[in-house]
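Colleague: Going down the list, the sequences are from chains S, G, V and Z.
The opening residue of the first sequence carries number 1 in the numbering used here; numbering runs sequentially from there.
The opening residue of the second sequence carries number 1 in the numbering used here; numbering runs sequentially from there.
The opening residue of the third sequence carries number 1 in the numbering used here; numbering runs sequentially from there.
The opening residue of the fourth sequence carries number 1 in the numbering used here; numbering runs sequentially from there.
Please keep in mind that the hints were generated in silico from the structure rather than gathered at the bench.
Even glycine gets a Cβ: it sits at the ideal position worked out from N, Cα and C.
A hint or two may mislead.
DEER-style ranges, computed between Cβ atoms [stated by the list, open to error]:
(1) G/Leu-366 - Z/Pro-69: 28 to 38 Å
(2) S/Ser-80 - Z/Phe-213: 58 to 68 Å
(3) Z/Thr-362 - G/Asn-346: 42 to 52 Å
(4) V/Ala-202 - Z/Ser-51: 26 to 36 Å
(5) G/Glu-266 - S/Leu-15: 27 to 37 Å
(6) V/Val-594 - G/Pro-63: 46 to 56 Å
(7) S/Pro-5 - G/Gly-186: 22 to 32 Å
(8) Z/Val-196 - G/Val-37: 48 to 58 Å
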Amino acid sequence: MATIPVETGFIIAGLLFLLGLIGVLVRRNIIYILLAIEIMLNAAGLAFVVAGAHWEQPDGQVMYFFVLTMAAAEVAVGLSLVLQMYHKFNTLDANLINRMRG
Amino acid sequence: MTSADVLHLLPLIVLAGGTIIGMLGIAVYRDHILTLVITLGTLIGAFVTLRFPLHSPNEYITPLVQFDGYAIFFLGLLFLTALAVAVMSYGYMRGRAVVREELYILLLIAMLGCSVLVSSTHFASFFLGLEVLSVSLYALAAYLRSQPTDIEAGLKYLIPAATSSSFLLFGMAMVYAHTGTMELSGLAQFATGTWHKSDLLALAGMGMILIGIGFKLALVPFHFWAADVYEGAPAPVTALIATASKGAVFALLLRYFSAMGIQVREPFFVIFTVVAIASMFLGNYLALFQSNLKRLLAYSSIAHMGYLLVAFLAGGRLAVTAVMFYLLAYFITTLGAFGVLTALSNKDTDFSHLAGYRGLVFHHPLLGTVLAVMMFSLAGIPLTAGFLAKFYVLFAGVRSALWLLVLVLIVNSVVGLFYYLRVIVAIYQPVPLTPEESRAGQPYRPAPSASLIGGVLLVVLTVGLIWLGVYPGPVIRWIEALLGL
Amino acid sequence: MLSLLWLVPILPLVGFAILAVTAGQLARKAVSVIAVGAVSLSALIAIGITVAYTITAPAGTVYSQTLWQWMRVGNFAPAVALHLDALSMTMMVVVAFVSALIHIYSTGFMADDTGYSRFFAYMNLFVGAMLTLVLADNLLLLYLGWEGVGLCSYLLIGFWYRDPDNVRAALKAFFVTRIGDTAFAIGIFLLFTSLGTLNIPAVLDEISTYAPGSTLPTAAAALLLVGAMAKSAQLPLQTWLPDAMAGPTPVSALIHAATMVTAGVYLIARMHTLFVMAPAVLLAVAIIGAVTQLVASFSALTQYDIKRILAYSTISQIGYMFLALGVGAWAAAIYHFGTHAFFKAALFLGAGVVIKMLDEEHDIFKMGGLRHRYPLTFWAFLFAALTLAAVPPLTITFNSKDLILNQAFLSKGGRGLWILGLIGTFLTAAYTFRMVFVVFFGPAQSRPEKTPARSMVAPFVVLAFLGAIAGIPELLTAIFGSQNLSSFLRSALPGPTRDFPSADGPWLFQLIYVATALAGIAVAYLLYERAPQYTRSVVSTSVGSWLHRWWFADWGFDWLYQKLFVGPYVVLARINRNDVVDLFYKGLALISRVINGLLSSTVNGNVRWYVAAVAGGAVIVVGLVVIL
Amino acid sequence: MILAGLLIITAGGGILAWVVGAWSERACRWVALLALCADLALLIFVWVSYSASGGALMEPPWLLQIDYPWIGPLGIRFHLGMDGLSLLLVTLTAFLGIASVGASWTEIREHVPAFHLTLLWTLAGTMGVFLALDLFLFYFFWELMLVPMYFLIGIWGHEGRVRAAYKFFLFTQGGGLLLFAGILGLYFLHARNTGVYSFQYRELLQGVASSSFAFMLMLGFFLGFAVKLPVVGLHTWLPDAHTEAPTAGSVVLAGLMLKTGAYGFLRFALPLFPNQSAELASAAMILGTIGILYGAFLAFAQTDAKRLVAYTSISHLGFALLGIYAGNRLALQGAIIVLLAHGLSTGGLFIVVGALQERFHTRRMDELSGLWSSIPRMGGVAMFLAVASLGLPGLANFVGEFLVLTGTFAVSPVLAAIAALGFVLSSIYSLWLIYRLFQGPERRMKEAPDLGGREMAIFGAIIAVIIWLGVYPQPVLTTAKPTVDSLVSSATYVMQAADEFGERERSPYEETGAPEAEYDER
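One chain only, chain S, in its complex shape:
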């Protein structure tokens, strides 16, 4: 199996990460923001896998499992919060949750 060069892998991961970041920054709907964060986490996971593959170690993939698990936990908490937010604020617009400031 021909290995993909580590640079290529990192460029893809970096692009993915950047996409996710842009998503977080430009989207106002909180669900999309969570989605974009997932993309960023997975980009990082990809980077681990690439790096692990480069060094021919399992560590990268192990890390990816951790990332997956934690992402799932985060999303679980995140979505429940979104639910509550919808109850209280009647909106999913992230710009509108700013009762506290200053």
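Use these hints to put chains G, V and Z onto chain S, whose structure you have.
Modeller: What follows is chains G, V and Z alone, placed relative to chain S:
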């Protein structure tokens, strides 16, 4: 795995086991006091079992964690902190018509995360600990979900934190990609060598790791979440965020970067210096006229993390001692302050508006005095632990000739004094109001919800604070002994 | 007897202490007994000491008595020690004696005053301080007395403190003299730093090793001179003395005529060697004296207030003493001081009697014709006035002034001074008799009948008499060449080089002086008794009225000082009440507040902005890593 | 042991007063008073036995010392020592402490026990400052006196107390932190030179190499003390704090707390950094002179009597600064007398103003006038104190100021002459105060009692001491002599400062070669 190894890891095992028992306990019989007892028991158990690793500190069991003297110090500190938070939570949750028991479970889980963090020697445990801590904190921050501010706090914590975690992860991946190791010892080997142009990937990765850490510590420019989360989260949770979460992450920072010794090398020295100065200034200036005590403490914590960075930047053994002592003092002080705040909160709102503290010392002498002492400690006035802590930091800075930072620290101490004094002034403002004030509305007179145990806690904290301030010799010697100095 | 010297200054101080501690709780009778008793006892001892000293002068003609070591730091070791020689003894006895008489007078004058006890406390304190000044053995102790009398002067001018004008006059007196005191103090620093001692004889010994006219003696003498000028109300620091008449009349008599204001004269005489070593300063002393006496005489001519006339007269007479000092007529200056103390005190006491009888009337033009109603007062007053105007042969004291003029004539380049002095003699006679004619002659004004208390009249008459006969010793010398005051003082002061202006003897000059004085009296008679309408017409011309106003307003000195110093100081103080320096800190506070506002607005509650900040921070951190 | 006893009596007395206060306010006041009287008695005993011993000392110039380890790992010791200077200032502390308790007897009616606790702790802190010989301990006490002082102003003060307390605390803490940085730098420098980490005064005295680093450290010390003194430019906290503090607070502030700044110069800034201080001497003397004149000028401008008195402190302590940096025997002795005299006269004036405020509920001079006729005794006392404060010979202030100026004249005649103008300006503000309050037409005011027995006792004591210092200051001079001697002998800065001005003519003290025998006269 031998039985010795099990004993060595016993604190973590006790903590995890206690969490499970707590969960099961709730499933079987939901009771506030029972859960509290389980939690306290678990924490005490974990604390007591620290003696096993203490007597064989350098045993190497797994590449992920290491229970050396340094870790043990922080573990003990964290367990005691959690104990205090649990006690505070009891008084805080007692009168509330919500599910109360899960709070303790989440607290224990957060502790588990912290424990892994402070003993971490591997990126995996680093990440896991951080995330375990973070996720439970999201939930804790939004625990009183009937209140919009709590939800808001949870979200405002979650989204930036998750973003910064992605940065952290990506940075780890970069470092890993370049060095091929995720173990601290390996990383240290890399970092202490000479750096070449080609090492840029790893160095940039380390920079990104810093973002994750900086976020947790609420260093400038990652500090924005702090005030909102402090304000929205329930008071005991805020106390936890302010102490355990920050302390654990700082301990980790110190372990990683001291081992690698790169904070004293370009470019990280510059980055840390800039961040430290910015944190001190912004934190203090943001707090200056803040009228909400929780937000005020949030901003103050930003500044305090900046102070700590001065010691951190000084490097060497003294820096480690300084940071440990500082965190010890800071934990006690913050817990005391939030303890008072918690005790004064009722089921409608957290008692955080400064105006409400007017004349506190006259109707609640104990609470007022404790809060005043805590403020003096934060301000670094003698007789309190905060003074010696600041002394240590300044000394570390002076010894390493970090004159710019020392000067900034001094200037900021004066600025900081102003808002701590505002709290103290409020506490000691005599009760009769001036006409303008009575027009603005009678301030809320708190009916403290402090339990007896909460009161005892406050007294213990205050006594500890003053003891540390007046006769810190034994504690310093003990810290040095732990570090094997 | 001499060993009782310490009692002389101490007794009045004890009197003060008793009165101060009892704070007005004592009966008037007791107050009188304590105050008058203390001062009289002190005067008796002083006289006793004088007698003892004259009979058997102590070895070296100096008697000194150390009470205790005041302080000692290195060789800075001033003691509280008294120094008695011919000079200080003359001063002491005159001061003590006049003080005692005026104390007696005051028991009558102040009889109805509510502040009776306070008044006597201050007076006793004054006498104590003045005697300390006179007897001091070192400059620091002298300075103590010097400041002490200044304080008492302030306290007594402002004695009737309810009237702000009085208090202002008191403040003015204190501030102006304090300026002089400060110069004096600087002079002391200079002398000590250079010579390493403050003991007066030692200082004089040391200073005589310097070359005449060298920097140190000149500077030190100039500084001391400023002190003396302020204290003795010499130009241009004379402005406080006329206002000082706001105090009770006995105060004016004692402090602002007889004793305190002559302290400057005493200082210069005491430090005569120093001044001799500084010829330029000595010349300045003479010029200041000559000009002052002239300027003050003109002002005296225009005043209405009887006490102000006398005040200007005092300034003018002290001017004569300065002139005397300046031309080296040391003994003559002291002699003039002595006679002046008597007759000027007498004039004031007389004026006090008149004022008291006329219900606090000060304006001479509202008096008139008092000759018949108060004959005793009139005669005594007249005698004193004649003494002041220096007219023989009714008074024998004329020649104290003549000695001065003779000496001026003899001194190098002193002809001009002599002429100035002569004009002064004329003017003195003129303003004195203007007052006499206006007050005691002319049409009588109807006033309620009052009789002056005996305690008031007696000291007044005694003083007038003494003033008139005080010249006897000098006159005897002139005739018989026997022992006189000048030669007595020679043990402490250098004597004049020659006694008479010319070989023809004193008679020619004496004649000139007497003629001048008589001319002055004649002019006063013409202008104020015989043809007052003519005076009015002169004054009503534009030049006349301008001059009149100018002289009346003390040659505009007050106006000038108000514009130059007082006004700016007050205005600046008002502007700067809140301290400009504080603006800096207020600015800091303001900046902090602005920064806080700006920063707070960045924490805007929008979570997406927070994330953006994290991203931005990441860019910065990674960017820094890449760049550095 | 006596030294620890002093601190224990004072601090413990505070706690006892607080505890007793819950039962009876009267008892609380008495406990505080007795504790301070015990201090004073102890100090007088020390003084008498020292004088009786003929000045023989185990380890000159220290009369008494105690030394225990405190924070071992950092080389911090609980080391107290008392020399003549400390003895004088601690005695002043106890004396003014008694006066403050007395002055608060009827003025303070709220939270009486807490008041006495804070007051006594302030005094304990002040005593500690005067006694500490370990720089860390010194700083510890330095801060310890500020915190209770802050509460004294902030709780029992007048209308503007909150602002004033802020300002006070921020300024003094800012200065304190600079001082602390200086101490740490010195600690570190010493350790680098010798390898021993120690805060001991004696060890640190070994001297630091002259370097720009040492100059920076000296500047830290200087600024720390300068805020406290206060040196002009850093003085703006003072009028606010003094004005708004309760009477006892003002007395302690003016009478004692400012002295800690001067003490700091004498004990630490100069001996630790002789060369560096020499470089700064001329600037410091100029600042002192400006302070004398500017303080007096500002005092005159005030309409609030207490504020006026407050500004006079700036002027008086300008003399202290001038004397300290002039640096010869005369000037230093003078500065020490100025410290004592200012404490008494200004403290007394604050008590007068406090008594007025208690009676008439105003301190504004345009609302008060002609009070002499209704309360003559207070008028007399005020007059005495004003006259003392304007430097009348025969009273304490004069001795100090005159010595300072005479000493300064040897170093810089110009500055001495300019500073002497302070005599004129001080007379203006002092007598102005008397004029506006006690003289002039009587206002229709509320009937008020004159000074009572308690107040007369306080003033009587103050007046007696002022006169004593004025006519026979020798015991004080003798007591301070060993300290001054060691300062002068170690102080190269004196000579350098003199050279810098280059205007000295013949200075008598160097030539005579310190005539010990005649000087030691007691």
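Colleague: Given the hint of 58 to 68 Å, is the C-beta distance from S/Ser-80 to Z/Phe-213 inside that range or not?
Modeller: For Z/Phe-213 against S/Ser-80, whose Cβ atoms are near 59 Å apart, the range 58 to 68 Å holds.
Colleague: Does 42 to 52 Å hold as the CB distance between Z/Thr-362 and G/Asn-346, or does it fail?
Modeller: holds (44 Å)
Colleague: Take a look at whether the Cβ-Cβ distance between G/Glu-266 and S/Leu-15 falls inside 27 to 37 Å.
Modeller: With a Cβ separation near 30 Å, G/Glu-266 and S/Leu-15 satisfy 27 to 37 Å, so the hint holds.
Colleague: For the hint 48 to 58 Å, verify it against the beta carbon of Z/Val-196 and that of G/Val-37.
Modeller: holds (52 Å)
Colleague: Given the range 22 to 32 Å, decide if the beta-carbon distance of S/Pro-5 to G/Gly-186 lies inside it.
Modeller: With a Cβ separation near 23 Å, S/Pro-5 and G/Gly-186 satisfy 22 to 32 Å, so the hint holds.
Colleague: If you check the beta carbons of V/Val-594 and G/Pro-63, does the distance land in 46 to 56 Å?
Modeller: Given range 46 to 56 Å: holds, Cβ gap about 53 Å.
Colleague: Mind checking the hinted window 26 to 36 Å against the Cβ distance between V/Ala-202 and Z/Ser-51?
Modeller: The hint (26 to 36 Å, Cβ to Cβ) holds, given that V/Ala-202 and Z/Ser-51 are roughly 30 Å apart.
Colleague: Hint says 28 to 38 Å; check whether the CB-CB distance for G/Leu-366 and Z/Pro-69 agrees.
Modeller: holds (34 Å)
Of the hints listed earlier, there is not a single one the structure fails to meet.
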